[in-house]
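Single-letter residue listing:
Protein chains: 2
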Amino acid sequence: MDLSLIAQSAKKASIRLAAADTKKKNNALKAISNAIKQRTNEILEANKLDIDKATDEKISVALLKRLKFDEHKIKEVCHGIENTIGLDDPEGKTQYAIELDKGLELYRVTCPIGVIGVIFESRPDALVQISTLCLKSGNAVLLKGGTEAANTNQKLYEIINEATLKAGIPENWIQNLQTREDVKAMLSLDKYIDLLIPRGSNQFVRYIMDNTNIPVLGHADGICHVYVDEQADIEMAIKITVDSKTQYAAVCNSAETLLVHKNIAKKFLPQIKETLEAKGVELRGCEKTRTIIDIKAADEIDWATEYLAEILSIRVVDSIDEAIDHINTYGSHHTDAIITQSSTLAAEFMQLVDSANVFVNASTRFSDGFRYGLGAEVGISTNKIHARGPVGLEGLVIYKWKLVGSGQIVADYAGKNAKPFTHKKLKKDFQV
Amino acid sequence: MDLSLIAQSAKKASIRLAAADTKKKNNALKAISNAIKQRTNEILEANKLDIDKATDEKISVALLKRLKFDEHKIKEVCHGIENTIGLDDPEGKTQYAIELDKGLELYRVTCPIGVIGVIFESRPDALVQISTLCLKSGNAVLLKGGTEAANTNQKLYEIINEATLKAGIPENWIQNLQTREDVKAMLSLDKYIDLLIPRGSNQFVRYIMDNTNIPVLGHADGICHVYVDEQADIEMAIKITVDSKTQYAAVCNSAETLLVHKNIAKKFLPQIKETLEAKGVELRGCEKTRTIIDIKAADEIDWATEYLAEILSIRVVDSIDEAIDHINTYGSHHTDAIITQSSTLAAEFMQLVDSANVFVNASTRFSDGFRYGLGAEVGISTNKIHARGPVGLEGLVIYKWKLVGSGQIVADYAGKNAKPFTHKKLKKDFQV
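Same order as they appear, the protein sequences are chains A and B.
When you line the first sequence up against numbering that gives the first Met the number 0, it's residues 0 to 431, in that order.
When you line the second sequence up against numbering that gives the first Met the number 0, it's residues 0 to 431, in that order.
Hints are computed from structural coordinates only; laboratory data are not their basis.
Bear in mind that the values here come from a model prediction, so they are computed numbers and not experimental data.
Some hints could be false.
Pairs count within a copy or across copies, as identical chains cannot be separated in the list.
Stated by the list, open to error - Subject to a maximum C-alpha distance of 30 Å in a straight line, what follows is the list of computed DSSO-like cross-link-like pairs (lysine-lysine):
1) Lys183 x Lys278
2) Lys92 x Lys64
3) Lys92 x Lys261
4) Lys272 x Lys287
5) Lys47 x Lys57
6) Lys272 x Lys415
7) Lys52 x Lys415
8) Lys238 x Lys423
9) Lys427 x Lys67
10) Lys418 x Lys238
11) Lys92 x Lys423
12) Lys74 x Lys427
13) Lys29 x Lys423
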């Protein structure tokens with residue numbers, strides 16, 4: 000079937016799905032969770048096909064680990080669905096209500112975005128997570144997972160599709176795309192697809208961002224910084240630097256560069272070197288750093304690199320301004336932290352660092368939807384519009400303006416004898 | 000000077016501008032208004048150069064009218080600036096505050112987007128309006144106006160730049176681009192430009208949207224509909240249809256297509272024909288329409304055309320569902336109205352029509368920032384993310400997540416002995 004017809008049918012479904020109430024959507028979510036539990040064996044069988052094929056093709060252990068969808072993972076995704084059922088429905092909220100004139104009331108009410116295209120690499124749990132978040136927020140979804148997980152993804156899609164159809168959700172709200180060509184075709188379907196959410200490596204996300212006119216929610220790089228100010232508590236600075244770098248090095252919110260104020264460098268650098276090297280972290284430093292501690296040299300490329308590994312570049316700076324400039328120049332506007340006892344400098348840092356998440360005296364690793372209390376995470380965005388940082392269900396809705404009149408025309412409010420608008424704020428929600 | 004260096008300097012300025020408080024920004028706005036008044040003669044002289052050149056080149060009367068920047072227009076833009084001074088500053092608002100744990104507080108605080116690229120056709124008043132809105136919201140702005148207004152635009156830019164520099168706003172926050180090549184170059188500067196706002200014809204906006212990876216705020220077409228339901232009050236339906244089509248036909252929120260329920264068509268169509276033809280409106284109808292009234296035939300192309308002129312296409316539909324399908328298929332998701340006495344059908348229409356503005360018993364012409372009480376309008380957006388419909392100052396801000404800790408690390412909240420998060424909502428604003 001032609002992808003543009005598929006996308007068109009998803010668009011049609013999205014209109015009807017937007018009208019589903021919270022109860023219907025929650026019942027459908029419950030039905031998905033039940034069906035996944037009941038059909039665990041089918042899922043395990045499908046996953047075995049993928050794992051066997053991947054093993055034959057000698058794919059990396061890391062990839063195999065992401066691909067594996069066992070009973071533990073099934074339990075986890077079902078727990079995630081239960082959690083999503085408990086979340087507040089982001090749709091149908093009145094954000095703004097104003098009387099333009101007597102009998103002419105305007106409401107701004109949240110509504111689903113429409114059709115979300117989700118392109119993800121191997122992890123099949125991403126399919127369940129993102130499609131249930133789309134359902135909760137009333138959006139249709141087109142899924143394209145990694146080919147190495149094709150059997151598992153197709154099975155999960157079938158289970159979700161059947162369970163939601165029975166629960167009265169409009170058909171075609173969820174569709175599973177199969178081929179690599181589909182990804183390319185998706186990128187040009189801005190007529191039907193309203194938002195793309197890519198999940199995968201930074202090269203993968205960058206490719207999506209560079210090759211579509213559809214808005215993309217996500218981030219390519221996560222080049223995060225810890226800046227140790229001259230007024231830092233050294234013990235705290237060590238603890239936070241170690242956590243930011245080593246608590247989980249392979250993820251976007253781990254630190255890649257450590258900036259150190261020159262007045263604290265002599266005291267701080269030898270201690271952090273000892274601690275990080277004991278944990279197997281490779282250090283690379285600027286010239287000034289290397290006059291204090293004996294480590295490899297860092298160059299321009301290091302400042303702009305997301306290692307995603309146990310490597311940390313270090314630069315000594317003359318001032319907080321230099322630190323802020325470095326972060327704004329080389330960073331990826333994701334998450335950056337200052338360690339300082341000065342609330343003035345903390346405020347300056349948070350004001351001038353142009354990143355989605357700016358932290359004082361806390362690890363960069365806190366940058367995450369669950370830790371933020373959003374309940375579920377659609378992804379982390381470094382966009383400058385719509386949604387920034389960890390994005391919860393709120394990021395999957397937009398709004399409509401609803402104007403309810405009683406025959407008013409603009410001619411009466413224009414020209415010489417124009418009626419004035421009352422523009423009186425209303426304290427009520429939109430109701431039919 | 001190379002455009003990427005210009006954009007880079009604007010980006011640097013935007014960081015400092017974001018830190019300017021409301022008082023400083025309002026003083027700068029007042030300084031702009033004063034300078035425009037004081038230097039009226041210089042502006043008139045610059046505008047005369049443009050008008051003379053345009054007259055020599057025999058440009059259209061409509062274009063000349065848009066180009067003209069006289070004392071009346073100067074008064075109007077200064078009044079607009081006074082109005083903007085009075086608006087609430089959208090920056091620095093705490094949207095969300097939550098305690099993650101004792102001594103670890105998270106705030107979501109609004110902030111400017113960064114650098115806004117504004118590309119507009121002839122009207123010089125657009126330059127003043129949009130740059131003062133950017134200033135109020137703390138954004139830097141790169142301006143590219145129509146070449147036919149080059150002298151007026153350059154003069155207005157100089158006046159604004161000088162006035163704001165004196166008022167302490169960072170240099171390079173506003174820059175005026177000169178050549179057509181600059182537009183093309185701008186479209187690829189997604190590293191420095193965060194949002195594009197194109198103002199001009201639909202072809203022009205479509206060109207911008209199709210040729211950049213930078214998010215675009217705006218709308219190409221405005222194909223708006225009036226649907227006269229079988230339960231409409233006929234007198235009201237006539238009044239609203241006439242206003243929606245003729246109150247100002249050349250703008251995006253005027254109606255292009257009239258949909259009429261079959262059960263009211265015989266009564267309604269002859270009356271609307273008489274009224275609209277008396278006002279010089281050309282009517283084009285579907286087959287069913289033409290069995291009732293004698294007008295030209297409409298075809299598929301008519302349904303998808305924004306006439307921006309006194310032409311109206313008419314289609315008879317069998318049901319409200321058919322009307323909704325027509326609007327979602329051929330419309331531009333801008334503004335659509337239903338005329339009905341049934342609140343159930345009104346609700347259905349507002350729910351299922353996928354447009355930025357959905358109206359009941361009111362003219363489509365109400366779709367406008369000033370009429371909506373937003374105070375000032377950045378533009379009208381048909382985007383499905385960030386901002387939709389008439390966009391006020393709120394559309395020029397995004398937010399940052401600010402986390403204030405006291406040494407917390409993620410390792411303590413992970414693994415077997417993980418500390419729990421408190422996730423306690425806080426009722427306070429972010430303060431240093």
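*asked:* Regarding Lys272 and Lys287, is the shortest C-alpha distance of 30 Å or less found within a copy, between copies, in both, or in neither?
replied: Intra 15 Å, inter 82 Å, cutoff 30 Å: intra-copy only.
*Please work out whether the CA atoms of Lys92 and Lys261 approach to 30 Å or closer within one copy, between two copies, in both situations, or in neither?*
Answer is neither: 51 Å inside a copy and 35 Å across each miss the 30 Å cutoff.
*Taking 30 Å as the upper bound on the Cα-Cα distance, should Lys427 and Lys67 be classified as within, between, both, or neither?*
Answer is neither: 49 Å inside a copy and 44 Å across each miss the 30 Å cutoff.
_My question is about Lys52 and Lys415: at a cut-off of 30 Å on alpha-carbon distance, are they close within one copy, between copies, both, or neither?_
Close neither inside one copy (77 Å) nor across copies (34 Å); limit 30 Å.
*Taking 30 Å as the upper bound on the Cα-Cα distance, should Lys418 and Lys238 be classified as within, between, both, or neither?*
For Lys418 and Lys238, only the inter-copy Cα distance (17 Å) is at most 30 Å; the intra-copy one is 65 Å.
*Homo-oligomer pair classification [Lys423, Lys238; C-alpha up to 30 Å]*: between (53 Å within a copy, 25 Å between copies)
_Status of Lys415 relative to Lys272 across identical chains (alpha carbons, at most 30 Å)_ = between (76 Å within a copy, 28 Å between copies)
_With identical chains, the pair Lys29 and Lys423 could be close in the same copy or across copies; at 30 Å between alpha carbons, which is it: within, between, both, or neither?_
between (42 Å within a copy, 27 Å between copies)
*Are the CA atoms of Lys92 and Lys423 at most 30 Å apart within a copy, between copies, both, or neither?*
both (20 Å within a copy, 22 Å between copies)
*Is it within a copy, between copies, both, or neither that the alpha carbon of Lys47 lies no farther than 30 Å from that of Lys57?*
within (15 Å within a copy, 74 Å between copies)
*Go through the copies and call it for Lys183 and Lys278: within, between, both or neither, with a Cα cutoff of 30 Å.*
So Lys183 and Lys278 fail the 30 Å test inside a copy (43 Å) and across (50 Å) alike.
*Lys74 and Lys427: within-copy, between-copy, both or neither at 30 Å Cα*: neither (41 Å within a copy, 38 Å between copies)
Hints 1, 2, 3, 7, 9 and 12 from the list above are not met by this structure, while the remaining hints are.
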